[in-house]
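Chemist: Sequence:
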Amino acid sequence: MAPRALMIQGTGSNVGKSLLVAGLCRVARKRGISVAPFKPQNMSNNAAVTADGGEIGRAQALQAMAAGREPVVDMNPVLLKPESDTGAQVVVQGRAAGRLWAKDYSGRKPNLMPRVLESFQRLGSSADLIIVEGAGSPAEVNLRAGDIANMGFATAAGVPVVLAGDIDRGGVIAQIVGTRAVLPDEDARMIRGFLVNKFRGDPRLFEDGYRQIEEHSGWRGFGVLPWFAEAHLLPAEDAVDLSSKGGDAGFHIVCPMLSRIANFDDLDPLGAEPSVRLTMVPPGEALPGDADLIILPGTKSTRGDLAFLRAQGWDVDIAAHLRRGGQVLGICGGYQMLGRMVHDPDGVDGEAGSSEGLGLLDVETVMAGDKTLARTAAAHVATGAGIDAYEIHMGATTGPDCARAFARIGDHVDGALSWDGQVTGTYLHGVFTSDAFRAAWLADLGITAGGMGYGARVDAILDHFAAHMETHLDVEGLLALAAPVGEAR
27 MAPRALMIQG
37 TGSNVGKSLL
47 VAGLCRVARK
57 RGISVAPFKP
67 QNMSNNAAVT
77 ADGGEIGRAQ
87 ALQAMAAGRE
97 PVVDMNPVLL
107 KPESDTGAQV
117 VVQGRAAGRL
127 WAKDYSGRKP
137 NLMPRVLESF
147 QRLGSSADLI
157 IVEGAGSPAE
167 VNLRAGDIAN
177 MGFATAAGVP
187 VVLAGDIDRG
197 GVIAQIVGTR
207 AVLPDEDARM
217 IRGFLVNKFR
227 GDPRLFEDGY
237 RQIEEHSGWR
247 GFGVLPWFAE
257 AHLLPAEDAV
267 DLSSKGGDAG
277 FHIVCPMLSR
287 IANFDDLDPL
297 GAEPSVRLTM
307 VPPGEALPGD
317 ADLIILPGTK
327 STRGDLAFLR
337 AQGWDVDIAA
347 HLRRGGQVLG
357 ICGGYQMLGR
367 MVHDPDGVDG
377 EAGSSEGLGL
387 LDVETVMAGD
397 KTLARTAAAH
407 VATGAGIDAY
417 EIHMGATTGP
427 DCARAFARIG
437 DHVDGALSWD
447 GQVTGTYLHG
457 VFTSDAFRAA
467 WLADLGITAG
477 GMGYGARVDA
487 ILDHFAAHME
497 THLDVEGLLA
507 LAAPVGEAR
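Be aware that the sequence shown starts at 27, since it is given in this note's numbering, and climbs by one per residue.
Treat the hints as calculated values from the structure; they're not laboratory data. Remember, it's a predicted structure, so these values are computed and weren't measured experimentally. Be aware that a few hints might be false.
[Claimed, not checked] The calculated lysine to aspartate or glutamate pairs, modelled on DMTMM-like cross-linking and capped at a C-alpha distance of 25 Å, are:
(1) K397 - E96
(2) K56 - E496
(3) K397 - D437
(4) K397 - D78
(5) K397 - E382
(6) K56 - E256
(7) K56 - D485
(8) K135 - D211
(9) K56 - D500
(10) K397 - D372
[As the list claims (entries may be wrong)] Here are the computed distance ranges between Cβ atoms for each label pair:
(11) A429 - G339: 29 to 35 Å
(12) E240 - D111: 37 to 43 Å
(13) I59 - P314: 45 to 51 Å
(14) N168 - P371: 36 to 42 Å
(15) G339 - A207: 46 to 52 Å
(16) A405 - G351: 26 to 32 Å
By construction, the Cβ of each residue, glycine as well, lies at the ideal position given by its N, Cα and C atoms.
With the hints as extra help, turn the sequences into a complete structure.
Modeler: Okay, here's the thing in structure tokens:
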């Protein structure tokens, strides 16, 4: 029997598509349905590593968790990882497939559709239901030719669509009705209905607007979903969703928001700690002087963000922080920045050349063409605590400070520690999701960890969101709408 599929598209970016797909996956799982998430094309520097050593968007990893499945590369066959305002690395079925400028990508998209459909069909062989997430908006009809992310995929695969609008940003009637107005009839026929997301207040106040959307679009409504307050506690996919967490007290961790910040969900478990205050610092603002720890996060462009960091004056702030006795932790690209030099002789991370690092660790990095992609079981050298992490980086870092390692991985070591113990670097992502390590690491800093385990907390929030959808949306109607693959045309 062919699997059934349903696609959630949005009237724009950040309308909540990723979470809606995760919620529907959890709803289906609770009904005993074998379900899997799928996103044909994603654009994000927040990636997850699959068990087979590929990479997909972090949102699809969260959706896989909601579905009770192991993440696989077929859940996100095309991932675009921006390296600049006009260029991105293209990852196809989990593997880097080169770098493209934005102006050239539209010409390549038709060649990617067979790979997208291949992954979709393969995923369908292991699930009874596939919940598909669109990207951006189908109203961007100027991008329709060769589209693989929205209506191009829906029509090629024969998957019915529900359109989600975001009332919190205003103009939701125009969002949905306007989308209907600009869509060609072939695409509009694929859309079976709509839902309104992120409503604050009493949904009954929107009943007249809801009826107007139904009247002007001709589409069936599946409900109005109120604002879900716990959403900010789940891993964010886009850097625009990053926010500070905690009150005005507690151990103060500060993270500068680099222009190509990547894998920033590394910080989420720390932000969830009741004794920790996490501050995300946007460009143009100084790093707070009361910081206890500064974390330099991952980045998709180490040398580019090193220059960006200096342009904000953050290098001066970091030096002052260390003079006050503060701590610094660099993760992946942030680790590379902490060294004396970053060399990129072949231009694998941007323009070929070398950049002077911050000089806070006695190490140097040489970029290499092969990307390291692996899930990793490690042990923290200082505390002996076990770490479940992953690696996703280019380059190798060596130097005297590597003799004081951060972690041991089998028969080799990772990371470095400065002679005075103030500066630490590691290539390992996701280390703070390991509850025992996080507790030991915080204890070493004089902080007591609290609350439930991080993974259990995320899982509980997914349950809460599924119940939220059950209460306010016609989820039975949504699930019934899912059609056998290829039959919705």
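Chemist: Hint by hint, note whether the structure agrees.
Modeler: Structure-based check of each hint:
In summary, the hint linking K397 to E96 is supported, as the alpha carbons are separated by about 22 Å, within the 25 Å threshold. At roughly 11 Å between alpha-carbon atoms, K56 and E496 fall within 25 Å of each other, so this suggested pair holds. The suggested pairing of K397 with D437 holds, with an alpha-carbon distance near 20 Å, which does not exceed 25 Å. Restraint check for K397 and D78: the C-alpha separation of about 14 Å stays at or below 25 Å, so the hint holds.
At most 25 Å may separate the alpha-carbon atoms for a hinted pair to count; K397 and E382 meet this at roughly 22 Å. Of the pairs offered as hints, the one joining K56 and E256 holds, with about 20 Å between alpha carbons and a cut-off of 25 Å not exceeded. A threshold of 25 Å between alpha carbons decides the hint, and for K56 with D485 the separation of about 13 Å falls inside it, so the pair holds. Annotation: proposed proximity of K135 to D211 holds, straight-line Cα distance about 23 Å (limit 25 Å).
Distance check on the hinted pair: K56 and D500 sit about 16 Å apart at the alpha-carbon level, within 25 Å; holds. About 14 Å separates the Cα atoms of K397 and D372, which keeps this hinted pair within 25 Å; it holds. For the hinted restraint 29 to 35 Å between A429 and G339, the CB-CB distance of approximately 32 Å keeps it satisfied. Range check, E240 to D111: about 40 Å between beta-carbon atoms, so the 37 to 43 Å window is met.
The given range of 45 to 51 Å is respected by I59 and P314, whose C-beta atoms sit roughly 47 Å from each other. Here the CB-CB span from N168 to P371 is close to 39 Å, well matched to the stated 36 to 42 Å. Taking 46 to 52 Å as the suggested C-beta distance range, the pair G339 and A207 conforms, at roughly 47 Å. Against the hinted window of 26 to 32 Å, the Cβ-Cβ separation of A405 and G351 comes to about 28 Å, which satisfies the hint.
Violation of the numbered hints given earlier is absent; every hint is satisfied by the structure.
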